[in-house]
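My request is simple: use the sequences and hints to build the entire structure.
If you read the sequences in order, they're chains A and B. To convert, note that position 169 of the first sequence is 169 in the numbering used here; the numbers rise steadily by one, no gaps. To convert, note that position 65 of the second sequence is 65 in the numbering used here; the numbers rise steadily by one, no gaps.
Misleading hints may appear alongside valid ones.
As the list claims (entries may be wrong) - To be clear about the criterion: a stretch of chain A counts as covered by chain B if any three or more of its residues have a C-beta under 8 Å from a C-beta of chain B, and this derived list gives those stretches: (1) 10–18; (2) 34–46; (3) 90–103; (4) 330–340.
As the list claims (entries may be wrong) - Partial list, derived from the structure: chain B residues whose beta carbon lies under 10 Å from chain A: (5) LYS38; (6) LEU177; (7) ASP253; (8) LEU308; (9) GLU314.
No lab work stands behind these hints: they were computed from the structure. Even for Gly, the Cβ is constructed at its ideal location relative to N, Cα and C.
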Amino acid sequence: MKHLDEYRDAGRARALAGAIARAVTRPWRIMEICGGQTHAILRFGLDQLLPPGLDLVHGPGCPVCVTPLELIDRAIELACMPGVVLASFGDMLRVPGSRTDLLAARARGATVAMVYSPLDAVRMAEEKQDQQIVFFAVGFETTVPGVALAVREARRRGLRNFSILSAHVLVPPALRAILGSPSSRIQGVLAAGHVCTVEGYEDYEPLAREFGVPVVVTGFEPVDLLQGILMCVQQLEQGRAVVENQYSRAVRREGNLAAKALVREMFEPLDRKWRGIGVIPLSGLALRRAWQEFDAERRFALPPAEVEEPAACISGLVLQGAKKPTECPEFGRGCTPERPLGAPMVSSEGACAAYYRYSRGHV
Amino acid sequence: MAHGGGGRLMRELIEQLFAVRLAPEHETDAAVISLGSKRLAFTTDSFVVSPLFFPGGDIGSLAVHGTVNDLAMAGAEPVALSAAFILEEGLEMETLGRIVDSMAEAARRAGVRIATGDTKVVERGRADGLYLTTTGIGVLIHEGELAPWRVAGGDEIVVSGDIGRHGIAVMSAREGLAFESEIVSDSAPVHREALGLLENGIRVHCMRDLTRGGLASAVIEIARAARAAVELDEARIPVREDVRAACELLGFDPLYVANEGRFAAFVAAGDGERAAALLPGGAVIGKVTGKGAGVVTLRSVIGATRVLDLLSGEQLPRIC
Numbered sequence: 001m002k003h004l005d006e007y008r009d010a011g012r013a014r015a016l017a018g019a020i021a022r023a024v025t026r027p028w029r030i031m032e033i034c035g036g037q038t039h040a041i042l043r044f045g046l047d048q049l050l051p052p053g054l055d056l057v058h059g060p061g062c063p064v065c066v067t068p069l070e071l072i073d074r075a076i077e078l079a080c081m082p083g084v085v086l087a088s089f090g091d092m093l094r095v096p097g098s099r100t101d102l103l104a105a106r107a108r109g110a111t112v113a114m115v116y117s118p119l120d121a122v123r124m125a126e127e128k129q130d131q132q133i134v135f136f137a138v139g140f141e142t143t144v145p146g147v148a149l150a151v152r153e154a155r156r157r158g159l160r161n162f163s164i165l166s167a168h169v170l171v172p173p174a175l176r177a178i179l180g181s182p183s184s185r186i187q188g189v190l191a192a193g194h195v196c197t198v199e200g201y202e203d204y205e206p207l208a209r210e211f212g213v214p215v216v217v218t219g220f221e222p223v224d225l226l227q228g229i230l231m232c233v234q235q236l237e238q239g240r241a242v243v244e245n246q247y248s249r250a251v252r253r254e255g256n257l258a259a260k261a262l263v264r265e266m267f268e269p270l271d272r273k274w275r276g277i278g279v280i281p282l283s284g285l286a287l288r289r290a291w292q293e294f295d296a297e298r299r300f301a302l303p304p305a306e307v308e309e310p311a312a313c314i315s316g317l318v319l320q321g322a323k324k325p326t327e328c329p330e331f332g333r334g335c336t337p338e339r340p341l342g343a344p345m346v347s348s349e350g351a352c353a354a355y356y357r358y359s360r361g362h363v
Numbered sequence: 001m002a003h004g005g006g007g008r009l010m011r012e013l014i015e016q017l018f019a020v021r022l023a024p025e026h027e028t029d030a031a032v033i034s035l036g037s038k039r040l041a042f043t044t045d046s047f048v049v050s051p052l053f054f055p056g057g058d059i060g061s062l063a064v065h066g067t068v069n070d071l072a073m074a075g076a077e078p079v080a081l082s083a084a085f086i087l088e089e090g091l092e093m094e095t096l097g098r099i100v101d102s103m104a105e106a107a108r109r110a111g112v113r114i115a116t117g118d119t120k121v122v123e124r125g126r127a128d129g130l131y132l133t134t135t136g137i138g139v140l141i142h143e144g145e146l147a148p149w150r151v152a153g154g155d156e157i158v159v160s161g162d163i164g165r166h167g168i169a170v171m172s173a174r175e176g177l178a179f180e181s182e183i184v185s186d187s188a189p190v191h192r193e194a195l196g197l198l199e200n201g202i203r204v205h206c207m208r209d210l211t212r213g214g215l216a217s218a219v220i221e222i223a224r225a226a227r228a229a230v231e232l233d234e235a236r237i238p239v240r241e242d243v244r245a246a247c248e249l250l251g252f253d254p255l256y257v258a259n260e261g262r263f264a265a266f267v268a269a270g271d272g273e274r275a276a277a278l279l280p281g282g283a284v285i286g287k288v289t290g291k292g293a294g295v296v297t298l299r300s301v302i303g304a305t306r307v308l309d310l311l312s313g314e315q316l317p318r319i320c
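Here you go:
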C-alpha cells in the first residue's frame, strides 16, 4: 500500500488547497456523500485548509447509520432465537436499535458472531450444520456483490442453514431524495468513489442535469478529496453541472460489469426506510424470487414492525446535509460514543463519530 | 466488554470504581515500595488473550513480557515473578506444556525468575482455555521517580520502535485474516532498552509501555495525569507498511492498535534524539508544548492538526 503516500503528500495537498482558494469567488456548499470521506476530511484536517465560505456537509453515505431501527431490532430478535447465529460486520454491533444493540444483546446471551466477509458466514454455516446462520447484509452498492457471491456459494454447497437479512441500500435514489427536497441547499456533490467502482456513475448523470448540481466521483485520501473539491468548485464557478471522475484509478463510467450483472441477477430494488429520513422509493435491495429461500425474513416468517425514532436525535438532518453534528444540542452531551442516541455517533463511518473524535478540540 | 478496551470506559471504571475504593498513592503501572534502603517496584497484570498462540508469541511469553515491562517503566530491574493459572477443564496438557515452556524461555531471556505460582481449574465454558496472571517485583536502579508529575514543558517524546504489530498479529490469528506477509507480534521485554536510557544518562521523566489502546492512549493518559499539552507529529511515528496496509483495510487507526514490546518515554528537552538513537527503531515523535488540560494534538501528514482522544471501546472493523 505504498502508493498511498503520494495521495497523502503534504506538498500536493497544499498546492491543491491553494488552487481551491484561488478558484473560489463566493460561498459554496458541497456534500461529501460517504462517511469514509467525512472521516478522512476530519482526520487529516482538510477542512482547515479550505477557504472560508466553502462549506462541506455530510451526506447519507454511512450504511450502518441509515439502517432502520426495525431491521436492527429484527437482527437482535434473530440473534436471540435458539439455534440461530447472527453474523455481522463489526461496525454494526454497537449501533442502537430501539431498545438495545447487538453487543449488549450478546452480553445477555444472544449469539452474535463478528465476520469480515459474507463468505465467512457461509463457511460458518457449513461447519455448524445444526444451527441457522443469518448474515446481516448491510452496505451500499460496494458490498452487495460479495453478498451475492456468498448466497450463490451457499446454494452451490446445498446449505439449508444460511440466509441473509438484507439491509442493502443504494446511493442514487437517496441523492435524488436529498437534492429534490425543497429545503436542500446542496450546490455540489462528491460522489463516493468505492460505490462507483461497482456501479459506475451513469446513474448520477441525470441527477446532475436535472438538479443543476455538479457531481465529482471522488476517492478517500487527502489529495483525492482536495482534487475532487477543486473539480467541483471549478464547475460551480463556471456554471457547469456534469459528472466528472476524480477517482479514475479505480472507477470507470460503466463500473464493474461482471459485478453489476451478478447483483441484477440476484437482487431487485424495493422501497426502503432510511433511519431518520423515511421511506425512499426503490432505494433498497432484496433477493429476487428465485433466491428467496435465502431471505431470513421469509425463512423465519418475521412479522412487519414499525418503531418510532428517538425524538432528540437529529441524525436524519445530519445524513441529508441539512445540519452539522455540532449543531445538535445533544452532541457530546446527551449523545456520546459510550451512550449514543443515534447510529452516526457509533459507526466508524458515522458523521457524528467523526466530529466527536477528530474535531471536538476545535469546536 | 468495551470496559476492557483500554479506552475511555476503562478509564472511567478505574477512576470511579477502583481508585475511589482502593485509593492508590499514584496512578502508574507499577507501585514503588521502600523496604529499608531498597526501593522496589511491584506490579500485577492478567492475560486473557484469544487465541492463546499468535504469530510472534503466546499467552505465556506475553504474560512474562507484560509484567517485566510494567516494572521497567518504573525504572526497575525485574527480579522475580509469580504466575497464577486459571485453566478451563478440557485444556490439552500438550497446550499447557507449550505455554509453560514458553514462559520459562521468556523469563530466562528476560533474566527474571518465576519464583512461585498457583493453579485453579474451572468448569468447561467458564474460561476461554486459560487465563494467566503474573505479578512481579523489581529493584529500582535510579534515585528519582518516573511519573507523570515530572513531565515538564519542552519534554520530548520518544517511541521505542514501530507501532501496531501486536494488535494486528493477534487479530489476524484470531480471525484467520491473511495478509500479504505474516505480521509478527512485537511482544518482547523492553527493560534493557528502557533501563539503558537511564544508564546512559538520559533525563527520563516518565515512561509507559504501549499495550491495549496503543500509543495514543498511553500518551493521552500521561498528558492528562501531568496536565500537559502535547503535540505529536504523525509523519514521525514509525508504522511498518504492512501494518499500515492492514489498518487501512480494517478501518483501524494504528495509533490505537495494541503493542506488547514498545514504550513511550517523556525525556528532558534536548535528550530526545540521543534517546531515540539508543533504541533500535526509536524515534522522536513529539513534544510537550506547555501546561494544559492534558490535550494531545496530532499534526497530520498534510500539516493540519486534530485532537487525539481516548477511544470509547475497542476498534471494530468497518464494512467497506
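Checked against the structure, which of the hints given earlier come out wrong?
5
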